[in-house]
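Engineer: These are the residues of each chain, in order.
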Amino acid sequence: MRRALSWTVVVLTALVLQSTLFSQVTLAGVKPELVYLVTVVLAFLEGPASGAVAGFAGGMAQDFLLNQPKGITALTLTLVGYAVGTIRQYIVTPSPLLPVVLVGGATVVGVMFYGVVAFLLGVAVGTSFLIKVALLAGVYNAVLTPILFPVLRRVAESSRARKVFRW
Amino acid sequence: MALYRRARSTRLLVITLVVASLLTITVDYRGGHGGPFEIAGRATQTVVGALQGAVSKVIHPVSAFFSGLGHIGSLSSRNKHLQAEIQRLQQQHAHDVSLERVNTELQALLKLQSSLGQNGVAASVIGQSVGNFEWTITIGRGSSGGIKVHDPVVSGDGLVGHVVEVTPTSAVVQLIIDPDSAVAARLSSSGETGLIVGERNQDLQMQLVRPDARVFPSEQVVTAGYQGGLYPAEIVIGTVSHVYQQNGGLTKIVAIRPAVDFSSLETVLVLTGPKR
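As given, the protein sequences belong to chains U and Z, one line each in that order.
The working numbering puts the first residue of the first sequence at 1154, with every later residue one more than the last.
The working numbering puts the first residue of the second sequence at 1120, with every later residue one more than the last.
If you're looking for bench data, these hints aren't it; they were derived computationally from the structure.
None of the hints are false.
Cross-link-like lysine-lysine pairs, in silico, DSBU-like; alpha carbons within 30 angstroms at most: (1) 1371(Z) to 1285(U); (2) 1285(U) to 1199(Z); (3) 1267(Z) to 1176(Z).
Bound conformation, chain Z alone:
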């Protein structure tokens, strides 16, 4: 009898918890950003962010060792790949002098712009997402360092992502490889624009490119920087790795290899606004 009653009260408990979860999902889904759970989320992030900061200092050498081990297989195949790449590039080199000139010009322009145009806050990466279905990093500076939600984040190599959540001492950055991320981008040689969407651990996809746009292999892709957009113009995103030709398609899809190695990010620069 007692067992029966206990089983019944357990069932009641489970039903209550399930209903509570469903309510949370509904309220959060309806509320979107700035919903009532924002505060609870920020509190959890603050606590875990502080712990991450402490732990990542201790753990970094250990995890660097393991991630090095994990990459051994890919390193040897990468080596072969690079050898072939060198040969191809040597042959191509003669042809691309003009392209190279444009490229260096653009690079110089970019350096100039990023060094003059924006205020930046440097921050170290203290953690990554707890989930397997999103690509974010946690950085060790927050609103007390002047970081706001929607601030663009770059590294020395190129565009990293944008800030999606801030606490006083840490911030969460959504990477451009997250499938929910979308960046307006421009092919550097032709000036054609498109939308770069994250494809998890694969190359980024540049969508909505005009079907008759000329796309060169390995050409650079930079942010388009529309008026009122999230990202300033001319930040390097990556290079063209493949073009998907769709017969009769209304748009072209271009695969982009990101310039940033997201698995080994250590320091990033948060752009907090134009310099005055």
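Here chain U stands alone, though its shape is the one from the complex:
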């Protein structure tokens, strides 16, 4: 319960920041995709099941703020959360760069996937514009990861259920 509450606050903060601060501070006109970042970091820390649920909930919240067919971000982020959580289990490296690479890569792939599904549903998404947005959002998210990752890890650790130590 407490966990759901703290992640709700995180997602809401991400959405508000993205539509106020980061809509002014853009990278060549492209905003970061903070909900993608939150989903990937959560999947990275907590595994595929939590990643999928967080992606679904965060994606749905973002969808309801967009004036586009609802559910596409939820679909995208469910898959992103599950994929990142699964891939994470097979990577053993102590490198602190791993979250940065995962966030950047997953954002590029996720935004491309979003764009393709939106295009299939009749949203006007130009191909070159989609590629530009996917790459720049990926870069922007990767740059923000070193700043936001410690914050998100703290939220994850403080809200994680104690003593549950399963293998």
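Using the hints provided, position chain Z relative to the given structure of chain U.
Structural biologist: Using the frame of chain U, we list chain Z on its own:
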């Protein structure tokens, strides 16, 4: 064994969530506007709109600084561009006295019309779209201020867009640069009409213009204001920046530089209906 079972239940969970997303997409797509998700959407918008209002007050000086930084590169090139523009305009000035007269007349007419014709609600911009694929702004007034869906929105410079969603205290405005936006428009000198479609961060495109229409550089484009249309007539949209000549084309495409600077909108006027 336990690991295996957990992996299986995770997979089941993911499949459930994917199916739920697909259902949402289908139901929303089929339902269109006024579908069952409208209420949930409005609830989310209400909560986030309230937060945006609070945050944008605090953040505004910060973001103004950063957006100023971001524009330094474009400012110097803009400077050069403007210098060249001044020279060109000085040469042209003699030729366009008559054009200018028409223009000022139209402007005066426009001012008269907008000051007399419509009731307006002024609102401040409190946020922009969360997504990278749509161009909307959130404003700090809503249905309690008399704003309705489809109300036209203008600023001091010209046409901004129209309202696509309202909550009691905030409203979402689709900008005319959104690729889904279409505005019936008229070239001010010849009176030729066309449809202006958003092209994201580039100039607007005026489509469906008659191929033999005469288009002058930098002439003003205003809303056509058809009976029953979304926008009232004679609101400035922008100026002609380029004409694409298509050989053998059935229509002509005209690029329009919008009169409004959408990156620095702060206050807008929502037109809520004709004055009685």
